[in-house]
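Asker: Single-letter residue listing:
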Amino acid sequence: RKEVEQDPGPFNVPEGATVAFNCTYSNSASQSFFWYRQDCRKEPKLLMSVYSSGNEDGRFTAQLNRASQYISLLIRDSKLSDSATYLCVALGYGNKLVFGAGTILRVKS
Amino acid sequence: DAGVIQSPRHEVTEMGQEVTLRCKPISGHDYLFWYRQTMMRGLELLIYFNNNVPIDDSGMPEDRFSAKMPNASFSTLKIQPSEPRDSAVYFCASSLAPGLADTQYFGPGTRLTVL
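Heads up: the protein sequence lines correspond to chains A and B, in order.
So the numbering used here is basically just the index in the first sequence, starting at one, shifted up by 751.
So the numbering used here is basically just the index in the second sequence, starting at one, shifted up by 33.
Here chain B stands alone, though its shape is the one from the complex (with noise of 0.2 Å):
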């Protein structure tokens, strides 16, 4: 198996635009994960999926972040209009199950800059 697939592994913006991020779970798992790492708040869950239905959102920031699920092979994180403090890693996630950190693993994650 590939593994979970995330694009794109950089990008760097301005101030003000929109930036889509892209992931690919690993097939057969039902739950998948968006994550965001700074050094000063660590590693912070934003949302996650089940079955393509967002199932808790209280992670996401503020309303310029929004995720979608469309199908099973496809997820994409949206930041509108995209700030400096938006900075960090992004990661993707995927598992059979939500709290089995056995079967969730990480995609590489997407190293996002914000001029």
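Next comes chain A alone, as it looks inside the complex (with noise of 0.2 Å):
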């Protein structure tokens, strides 16, 4: 089992929908989450940090489920520039940053 784990998608949304991603994690221990964005033939960038209580920055919700193991991005009114692979990420053991394999979605008009 990958110790995160992601629906690869693609999720295709029209102009103005919302959309939500989940991730799942197995490592109980990991403390931080981050979701990345990834533009097609670029380098990942941090979209926002996960933090317990959730979190929000515009149009984007992060939410931790600690419990479930689980870890959520909402993208509210969609834009086209929305369009591109969303990275789920958990600190892991030593201190490194695992990946999830991504998400991708496509926002279209």
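Careful, some of the hints might be misleading.
Unchecked claim - Computed far set for chain B versus chain A, every beta-carbon distance over 12 Å: (1) E44; (2) E47; (3) E51; (4) K57; (5) S60; (6) G61; (7) P94; (8) D96; (9) S106; (10) K111; (11) P114.
What the hints assert, rightly or not - Straight-line C-alpha distance at most 25 Å; calculated BS3-like pairs for lysine-lysine: (12) A:K859 with A:K830; (13) B:K57 with A:K847; (14) A:K796 with A:K830; (15) A:K793 with A:K753; (16) A:K793 with A:K859; (17) A:K793 with A:K830; (18) A:K793 with B:K111; (19) A:K847 with A:K753; (20) A:K793 with A:K847; (21) A:K796 with A:K753; (22) A:K796 with B:K57; (23) B:K101 with B:K111; (24) B:K101 with A:K847; (25) B:K111 with B:K57; (26) A:K847 with B:K111; (27) A:K859 with B:K111.
Stated by the list, open to error - Partial selection, computed: residues in chain B whose CB lies under 7 Å from chain A: (28) L76; (29) L78; (30) D90; (31) P131; (32) F139.
Keep in mind that the hints were calculated from the coordinates and are not lab data.
Positions of the beta carbon are idealized from the N, C-alpha and C atoms, including for glycine.
Both chains come to you apart, so use the hints to assemble them.
Answerer: Here it is in structure tokens:
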């Protein structure tokens, strides 16, 4: 079993839609979690950290459920520019970032 | 700041050849990471350095891979001999601390194709 698992998608949504991604992690000792965004043929970039109490950054909301060991990302009012691959990341053993394989989002007009 | 710099951006080589990838981290970042990304395996950490010293190389796939960091502003990842299954995008990243994702920045990557 992979340490961080995500639905690869793709999620095809119209502009303005709300879309949610989930991610599960297997290491119950993980303390920190993040969402990265990766555009086609580009490097991953940090989108947001995920806090235990949940956090919001504009149209993006991240949630952490420790009991069920999953993390979610909600995107409201989707824009064409949101089209990308979203990588779920957990801080694993030895303070190493462990990346999920990513979820592809395609926003269409 | 110029960010993390990697060269070359693209490399096409033939099986059996030596390949050297280069990275210049962000100035002041004490940690440097080498990752490999493929469709099958996603983004995997190969090795990371702290203050030019290799700390964890457990992700290095085999002896054909080696990495060095002779000084704070330069690192190399070498594959010798290269094989077609090494084809991937290799990213270098640097950060102030290993677990602080908000300080870890990736370079643009080197797209390696081994024929």
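Asker: Take the hints in turn and mark each one as holding or not.
Answerer: Against the structure, the hints come out as follows:
Remark: the non-interface label on B:E44 is consistent with the geometry, its nearest Cβ contact in chain A lying 15 Å away (cut-off 12 Å). Chain A leaves B:E47 outside its interface by the beta-carbon criterion, the shortest separation being 23 Å against a cut-off of 12 Å. Every Cβ of chain A is farther than 12 Å from the Cβ of B:E51; the closest lies at roughly 25 Å, confirming the non-interface assignment. For B:K57, the requirement that its beta carbon stay farther than 12 Å from each beta carbon of chain A is met, with the minimum near 14 Å.
With a minimum CB-CB distance of about 18 Å to chain A, B:S60 clears the 12 Å threshold, and the non-interface call stands. Even its closest Cβ contact with chain A, about 18 Å, leaves B:G61 beyond 12 Å, as expected for a residue assigned away from the interface. With a least beta-carbon separation of about 16 Å from chain A, B:P94 lies farther than 12 Å from that chain, consistent with its non-interface assignment. At roughly 21 Å, the least C-beta separation between B:D96 and chain A is larger than 12 Å, which holds for a residue marked as non-interface.
The claim that B:S106 is not at the interface with chain A holds, since no C-beta of that chain comes within 12 Å of its own (minimum 19 Å). Residue-level check passed: B:K111 sits 21 Å from the nearest beta carbon of chain A, beyond 12 Å. Here B:P114 stays apart from chain A, with its beta-carbon at least about 27 Å from theirs, past the 12 Å limit. Distance check on the hinted pair: A:K859 and A:K830 sit about 8 Å apart at the alpha-carbon level, within 25 Å; holds.
The suggested pairing of B:K57 with A:K847 holds, with an alpha-carbon distance near 20 Å, which does not exceed 25 Å. Only pairs whose Cα atoms come within 25 Å are accepted, and A:K796 paired with A:K830 is accepted, the gap being roughly 18 Å. Straight-line distance between C-alpha atoms of A:K793 and A:K753 comes to about 24 Å, which keeps the hinted pair within the 25 Å bound. Restraint check for A:K793 and A:K859: the C-alpha separation of about 21 Å stays at or below 25 Å, so the hint holds.
In summary, the hint linking A:K793 to A:K830 is supported, as the alpha carbons are separated by about 19 Å, within the 25 Å threshold. Annotation: proposed proximity of A:K793 to B:K111 holds, straight-line Cα distance about 22 Å (limit 25 Å). Between A:K847 and A:K753, the direct Cα distance comes to roughly 15 Å. Compliance with the 25 Å bound is thereby established for this hinted pair. For the suggested pair A:K793 and A:K847, the alpha carbons sit about 21 Å apart, so the restraint of at most 25 Å is met.
With a C-alpha separation of about 22 Å, the suggested pairing of A:K796 with A:K753 holds against the 25 Å cut-off. About 18 Å separates the Cα atoms of A:K796 and B:K57, which keeps this hinted pair within 25 Å; it holds. In summary, the hint linking B:K101 to B:K111 is supported, as the alpha carbons are separated by about 8 Å, within the 25 Å threshold. With a C-alpha separation of about 19 Å, the suggested pairing of B:K101 with A:K847 holds against the 25 Å cut-off.
Proximity of B:K111 to B:K57 is assessed by CA-CA distance (about 15 Å); at most 25 Å being required, the pair is judged to hold. For the hint pairing A:K847 with B:K111, the CA-to-CA distance comes to about 22 Å; that is within 25 Å, so the pair holds. Among the hinted pairs, A:K859 with B:K111 is inconsistent with the structure: their alpha-carbon atoms are about 41 Å apart, more than 25 Å. Contact between B:L76 and chain A, as hinted, is supported at the beta carbon level, the nearest pair being about 4 Å apart and thus within 7 Å.
The beta carbon of B:L78 is positioned within 7 Å of a beta carbon in chain A (closest approach about 6 Å), and the interface hint is therefore held. A distance limit of 7 Å between C-beta atoms decides the matter here; for B:D90 the minimum to chain A is near 12 Å, and the interface restraint is violated. With a cut of 7 Å, the hint placing B:P131 at the interface with chain A holds, because the nearest CB-to-CB distance is about 4 Å. A cut of 7 Å between beta carbons decides the hint on B:F139: the least distance to chain A is about 4 Å, and the hint holds.
Of the numbered hints stated above, those contradicted by the structure are hints 27 and 30, listed in ascending order.
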